[in-house]
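Enquirer: In case you want the letters, here they are:
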Amino acid sequence: MKELNKNEYKSKWRIRPDGHDKVTGSLKYLTDYCFPNMLVGKVLRSSFPHAKINSINTTEAEQLEGVEAIITYKDVPGMNRFGLIFPDQPVLCEDTVRYVGDAVAAVAAISEEIAMKALSLIFVEYEPLEVIDSPDKALSSQMKLHPAGNVLHRAGYKNSEYVLDELKKCPYIVEETYETPRQMHAYMETEGGVVVPENDGKLTVYAATQHGFKDRMQLARILSIPESNIRVISSPIGGSFGGKDELNIQPYAALLAIKTKKPVKLHNKRTESVRAGIKRHPMKMTMTTGANEEGKLVGHIVRIVADTGAYATLGPAVLDFAVEHSTGPYIIPYVDIEGVSVFTNNGVSGEYRGFGGNQVTFALESQMDRLAELLQINPLVFREQNLRKADDPGPLGQRIVKNDGARSVLTMIKKSPILTQPLKTEPLNVKGRGVAITMHGGGLGFGRPDPSGARLSLTKDGEIEIAFGFEEFGQGLLGSIEIMMMEALGCRKEDLKIVIGDTDLVPSSGSSTASRSTNMIWNGIQKLKEPFLNKILDEAASYTDTTRDLLYLGGKGIWRKGKIDQLIISYYDLANYLSDKLPIFHTQFHFPTTPDAVIGGHYLYSFAAVAAEVEIDQLTGRVKVTKMDHCVAAGPVVNPLGYLGQIEGGAVMGLGFTINEDSVMENGRYHTQNLDSYLIPTIKDIPKEMKVFVDESLMEGDVFGPRGVGEIGTVAIAPAVTAAIHDACGLWVKNLPVSSEEVLDALTINAFVEK
Amino acid sequence: MKKAKVENKIDLTFELNGQPYHLTVPPTYRLVDILRTDLQLTGTKISCEIGRCGACSVLLNGKVVNSCLVMAYQIQLSTIETIEHVSHQSLHPIQQAFLEEGGLQCGYCTPGMIIALKDLLEQNQQPTDEEVFEHLSGNLCRCTGYTGIIRAVQRYREVVNKKEEIQ
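Chains W and Z supply the protein sequences, listed in that same order. Quick note: the first sequence uses full-length UniProt numbering, first residue 1, plus one each step. Quick note: the second sequence uses full-length UniProt numbering, first residue 1, plus one each step.
To be clear, the hints were calculated from the coordinates, so they are not data collected in a lab. Cβ coordinates follow ideal geometry from the N, Cα and C atoms, glycine included. Please note that a few of the clues may not be correct.
Now the stretches of chain Z that chain W is said to cover, found in silico as 3 or more residues with beta-carbon under 8 Å [to be verified]:
{"hint": "1", "region": "10 to 23"}
{"hint": "2", "region": "49 to 60"}
{"hint": "3", "region": "63 to 76"}
{"hint": "4", "region": "147 to 154"}
{"hint": "5", "region": "157 to 166"}
Computed list of lysine-lysine pairs in DSS-like fashion (alpha-carbon distance at most 27 Å, straight line) [claimed, not checked]:
{"hint": "6", "chain 1": "Z", "residue 1": "Lys9", "chain 2": "W", "residue 2": "Lys6"}
{"hint": "7", "chain 1": "W", "residue 1": "Lys6", "chain 2": "W", "residue 2": "Lys581"}
{"hint": "8", "chain 1": "W", "residue 1": "Lys169", "chain 2": "W", "residue 2": "Lys529"}
{"hint": "9", "chain 1": "W", "residue 1": "Lys117", "chain 2": "Z", "residue 2": "Lys9"}
{"hint": "10", "chain 1": "W", "residue 1": "Lys10", "chain 2": "Z", "residue 2": "Lys162"}
{"hint": "11", "chain 1": "W", "residue 1": "Lys460", "chain 2": "W", "residue 2": "Lys402"}
{"hint": "12", "chain 1": "W", "residue 1": "Lys28", "chain 2": "Z", "residue 2": "Lys162"}
{"hint": "13", "chain 1": "W", "residue 1": "Lys493", "chain 2": "W", "residue 2": "Lys561"}
{"hint": "14", "chain 1": "W", "residue 1": "Lys688", "chain 2": "Z", "residue 2": "Lys9"}
{"hint": "15", "chain 1": "W", "residue 1": "Lys214", "chain 2": "W", "residue 2": "Lys527"}
{"hint": "16", "chain 1": "W", "residue 1": "Lys169", "chain 2": "W", "residue 2": "Lys74"}
{"hint": "17", "chain 1": "W", "residue 1": "Lys296", "chain 2": "W", "residue 2": "Lys214"}
{"hint": "18", "chain 1": "W", "residue 1": "Lys688", "chain 2": "Z", "residue 2": "Lys162"}
{"hint": "19", "chain 1": "W", "residue 1": "Lys684", "chain 2": "Z", "residue 2": "Lys118"}
{"hint": "20", "chain 1": "Z", "residue 1": "Lys63", "chain 2": "W", "residue 2": "Lys6"}
{"hint": "21", "chain 1": "Z", "residue 1": "Lys163", "chain 2": "W", "residue 2": "Lys28"}
{"hint": "22", "chain 1": "W", "residue 1": "Lys10", "chain 2": "Z", "residue 2": "Lys9"}
{"hint": "23", "chain 1": "Z", "residue 1": "Lys9", "chain 2": "W", "residue 2": "Lys684"}
{"hint": "24", "chain 1": "W", "residue 1": "Lys12", "chain 2": "Z", "residue 2": "Lys9"}
{"hint": "25", "chain 1": "W", "residue 1": "Lys261", "chain 2": "W", "residue 2": "Lys202"}
{"hint": "26", "chain 1": "Z", "residue 1": "Lys163", "chain 2": "W", "residue 2": "Lys269"}
{"hint": "27", "chain 1": "W", "residue 1": "Lys6", "chain 2": "Z", "residue 2": "Lys163"}
{"hint": "28", "chain 1": "W", "residue 1": "Lys460", "chain 2": "W", "residue 2": "Lys624"}
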């Protein structure tokens, strides 16, 4: 157990390569670009959550001076659909709108004012339809939102026919229904970018995405042009968290740029981002969980209903993930899980950090606490006696890489002062503390294409160039690549050139999602370093007439071992010597998957435990999390500053999910349209004391390297905080975000009982 | 980016980042657009546009403001400083502290954070945690969880303390 901080990691604690340009404001984000003759694009979005379109009249708007193009579905030359799994979302709606973010037309004009004015002059005749604003309504309605009906996806896992029978025999049973909110990514940089038509007929797309090649493929399909004619530049990004994986402004800017033959910039306003952008799936989860006299878990029945909104995006995979993670790191002999993802006229739900794990972990861990209380056992002891062992199978019964992370994080969190030291009492506040754990899969899972790749070369300028198709959206990818390269090759950062986020310059590496990038980068470098080192050293040896075994790569160039080591040739000179035969190595590989044919099943998992202390204001019911400790087991820490940032940032995002974030919708319309009513945590809302501890070990024979930690910091926060709320005031929180009214009610009841 | 043809315009004179500026713009143009669009100073970011997130913070006559809420006519004869000027000679110590302590990730809120902190630290080199929290509560960050930012302020205080000891 090691605390993750600067003192512990000393020289490994390194300033991020993109840091200087970010603190000085000199870094150009893709939404900061301007080009000569650039036009401003705007999208007209639906006036109704659900309606038929009878006509679209753009005549008046077209006559407005300064308007250079207006597009509707008629202007989409290729497939008028996009979507990462099923392309079901119209680029521009033809005859039906299914949510308030649906695009109906788009405009390019010489100024934003004119573009906005033009939008107001586009007349769309709608015929409003019944609004299906909840999964319950969708499941019972005759109204079909899509031709195949209102069910997007069903997923389940059942390991026995006798789950209910076994549960009935349990002396201790807890049954509860939990609901979680439609959380917004709330990245500070809203979706945007510029599409530039180039002189050679190609198109350059400067726009945020987590998967440049997938954007390129989808754009080629929409625009009906070859992929090779599209270049997607996708870094740097001002935050994503899963929210920019799906196409957003790219198709509109591209269509308008092609039509006007001028660069077109689109940058969503916050209110438009709220309306059109994807959110975390709201889920309703009913769990019935039973334990025997000895405090061993026996049975677990889970029913999940996910509100996927108007279009599919990654809804099916999110549901699969929720199903897989609804038993967590526990061994339960009788399990029966069913989930359904339902179309509605609400905002589109898609990918979001934690990917469905956050919702079910809240429910599952709450169940564990309730059972522990019924059994009158310490919640940690109860968890411990049901915890998976290192070589137990994964949650879907699949073989997974041996991992004792569950025990490790539980053992670590037990020592947290939050749990071991007595609570300080205060007159006006009540306090409590709680704990929760999680097990989280990395990569896309069995049966899903999840290839990766990398390229390592020596450039003509004498730089060691490493290229990946990943994107930097703040997670610290560039820093991690730099550190891994320096460790693998022994060179300095000045000798390196890192290339990412540009489809013309990088190999396809898969998406920057699912906590996979760090792991895939490490694997790519491991695969490429031997051939690269061999080639470089061979060439250096032959050029300098030196024994190969005495040579090694170092700062500036190749060094020879001796009494005093000497630089024998710089990278620059070697590159000059090699000029037309510069070494270049490629690798393509797949994210490791379980050998068992379990769709979506993961192979590599990481683990986390959270302890939280809360303070509740007795007058207002307001909950403040005052302390939080986080323990993570995800293999070696590659980039301590990046790792810590991901866990801390993830924890506070998880806190928002728990305490105050909710994209409130009614009749398919958002009430919370901007950051004044959608409240993400401010600096005043975070715990005063936060520590992160790590277990860096991998089990013997684990050759899979460091796991990514992009998601795991968010997952177990909610149940740890709600357990602490229960400890403080007796309330079992069922719905997130926590309601102050419910907390106040609980406090009132306590006061009454005490009297 | 061309601007619309609008009849009513005003002549503005102001000082930006130590340089005199003269512009003719509609009086209702927002400062954030003048900076980002007309002057291409894109270090000042745009996010909520209602004065809630602080990404567009600049110093107006030495005080932090949300430039999305400032109209062109309000900057007449004023002095403005943006993030681009904070490091015009070398990194400000608070920028250095942000780098060393992981006070940023995606970096989109960072210019606003630095501007808000510069405003505070110029008034008070040794702010208490409460004063820092109070002053930064109008600047939202979605990546860091603020912990790195708090570490950066602590680091800054240590550096200032050491300097004072030496003097």
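Enquirer: Need the status of pair Lys684 (chain W), Lys118 (chain Z): alpha-carbon distance at most 27 Å?
Expert: Given pair Lys684 (chain W), Lys118 (chain Z) holds - Cα atoms ~19 Å apart, limit 27 Å.
Enquirer: Starting from Lys163 (chain Z), check that the Cα of Lys28 (chain W) is at most 27 Å away, please.
Expert: With a Cα-Cα distance of about 34 Å, the restraint between Lys163 (chain Z) and Lys28 (chain W) is violated, given a limit of 27 Å.
Enquirer: Would the pair Lys214 (chain W) and Lys527 (chain W) pass a check requiring their Cα atoms to be no farther apart than 27 Å?
Expert: 24 Å, holds
Enquirer: Taking 27 Å as the top limit, are the C-alpha atoms of Lys688 (chain W) and Lys162 (chain Z) close enough?
Expert: Status holds; Cα separation ~25 Å.
Enquirer: Mind checking the alpha carbons of Lys493 (chain W) and Lys561 (chain W) for me, to see if they're no more than 27 Å apart?
Expert: Holds. Lys493 (chain W) to Lys561 (chain W) sits at ~21 Å (cutoff 27 Å).
Enquirer: Has the given pair, Lys9 (chain Z) with Lys6 (chain W), been kept, meaning a C-alpha gap of at most 27 Å?
Expert: 54 Å, violated
Enquirer: Given the hint that Lys169 (chain W) pairs with Lys74 (chain W), test it: the Cα-Cα distance must not exceed 27 Å.
Expert: 63 Å, violated
Enquirer: Quick one, are Lys10 (chain W) and Lys9 (chain Z) close enough, alpha carbons at most 27 Å?
Expert: 57 Å, violated
Enquirer: Do three or more residues from the region 49 to 60 of chain Z put their C-beta atoms closer than 8 Å to C-beta atoms of chain W?
Expert: This one holds; 5 residues, not fewer than the three required, reach chain W with a Cβ under 8 Å.
Enquirer: For the pair supplied as a hint, Lys296 (chain W) and Lys214 (chain W), is the alpha-carbon distance within the 27 Å limit?
Expert: Violated. Lys296 (chain W) to Lys214 (chain W) sits at ~46 Å, over the 27 Å cutoff.
Enquirer: What's the verdict on Lys460 (chain W) and Lys624 (chain W), does the C-alpha distance respect the 27 Å limit or exceed it?
Expert: Judged against 27 Å, a Cα distance of about 57 Å means the pair is violated.
Enquirer: Hinted pair, alpha-carbon criterion (27 Å max): Lys460 (chain W), Lys402 (chain W). Please report holds or violated.
Expert: 44 Å, violated
Hints 1, 3, 5, 6, 7, 8, 11, 12, 14, 16, 17, 20, 21, 22, 23, 24, 26 and 28 from the list above are not met by this structure, while the remaining hints are.
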